[in-house]
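Participant: The primary structure of each chain is shown beneath.
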Amino acid sequence: MTVKDIATLLDAKIICCEDSLGRELHAACGADMMSDVLAFVKDQSVLLTGLCNPQVIRTAEMMDMVCIVFVRGKLPDENMIELAIERNIPLLSTKHRMFTACGLLYSNGLHGGATN
Amino acid sequence: MSNTITLKYTVSSDDFTRAGEASSTVKSKLKQMNLPPEIIRKVAIAMYEGEINMFIHANGGEITVEISPTEIVIVLEDKGPGIENITQAMTAGFSTAPDNIRSLGFGAGMGLPNMKKYSDEMSLSSNVGVGTTVTMKVFIK
Ligand SMILES: Nc1ncnc2c1ncn2[C@@H]1O[C@H](COP(=O)(O)OP(=O)(O)OP(=O)(O)O)[C@@H](O)[C@H]1O
Ligand SMILES: [Mg+2]
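Residue numbers (my numbering), protein chains in the order written: chain A, 1 to 116; chain B, 1001 to 1141.
If you are wondering where the hints come from, they were derived from the structure by calculation, not from laboratory data. The structure displayed is predicted, hence computed values, not measured ones. Beta carbons are placed, not taken as given, at the ideal position from N, Cα and C, and that holds for glycine. Among the clues, some could well be false.
[To be verified] Straight line, CA to CA, 30 Å or less: simulated DSS-like cross-link-like pairs of lysine-lysine:
id, chain 1, residue 1, chain 2, residue 2
1, A, Lys74, B, Lys1079
2, A, Lys42, B, Lys1031
3, B, Lys1031, B, Lys1116
4, B, Lys1141, A, Lys42
5, A, Lys42, B, Lys1079
6, B, Lys1008, B, Lys1042
7, B, Lys1141, B, Lys1079
8, A, Lys42, B, Lys1029
9, A, Lys4, B, Lys1031
10, A, Lys95, B, Lys1141
11, B, Lys1029, B, Lys1116
12, B, Lys1008, B, Lys1137
13, B, Lys1137, A, Lys42
14, A, Lys74, A, Lys42
15, B, Lys1008, B, Lys1117
16, A, Lys42, A, Lys95
[As the list claims (entries may be wrong)] Which residues of chain B face chain A? A few of them, derived with a C-beta cut under 8 Å, are:
id, residue
17, Gly1020
18, Pro1036
19, Thr1096
20, Asn1100
21, Leu1104
22, Gly1107
23, Ala1108
Turn these sequences into a full structure, and let the hints guide you.
Facilitator: Here it is as structure tokens:
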């Protein structure tokens, strides 16, 4: 699955880094606590979250994640977009809630990957 | 020896947006130096957890990173409130973070255990009312 496929499946708005939509993804995680992402994520390359602040971008950066999906229609601010562009991390925003967004991706073949 | 690089950063306590900037800069530097991705990831996660802790719990502080051919040493020093019971603080799930910090996505009590996990050596010394110093080493074989 690619970033582009995720955007299509979730009917998501692509906020930045259109050039990276072809990047491949193999596993995802959904979390609102960045503490948990830092402690439990291993090789998951997509982060779905309802949290919307700059530390979401930083956390994804530290974990070498490929893309971030904001659920419930959350939209990152200018500062977050700038951070994401600097690190080349595409940001997507979907109207779906967390459970539905995760379910859509899971039922289309994106899984949870290994735990740490 | 001159093939050790020393980097110094000040972590401020008033801008949540900028917390993590030092870790991000160090991560970019290590990438430029072509260090193995696993090493970079260990340093980035361990340092970021420490930097966030400084911001949340200690009103900021100073970070020194020393990169030598054999290891990366990260020293986080703050003049915050200190930690009364280090064993308790190191326990997964223990946190004194208030609700406003949880609503920012932190405060699960996972940071210090995670710093221990991602560093090859870690030591923590703290004096209540004086401050806390965390030293972490990541070996580059
Ligand atoms: N630099 C520090 N100064 C003072 N107290 C600290 C410092 N670092 C950690 N602590 C104390 O140790 C506790 C545990 O820290 P730890 O990083 O494991 O969890 P947390 O920061 O509360 O949550 P998380 O890291 O999961 O977001 C903190 O809640 C705090 O009470
Ligand atoms: Mg912490």
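Participant: Could you tell me which of the numbered hints above are not met by this structure, giving the numbers in increasing order?
Facilitator: 1, 5, 7, 10, 18, 19, 20
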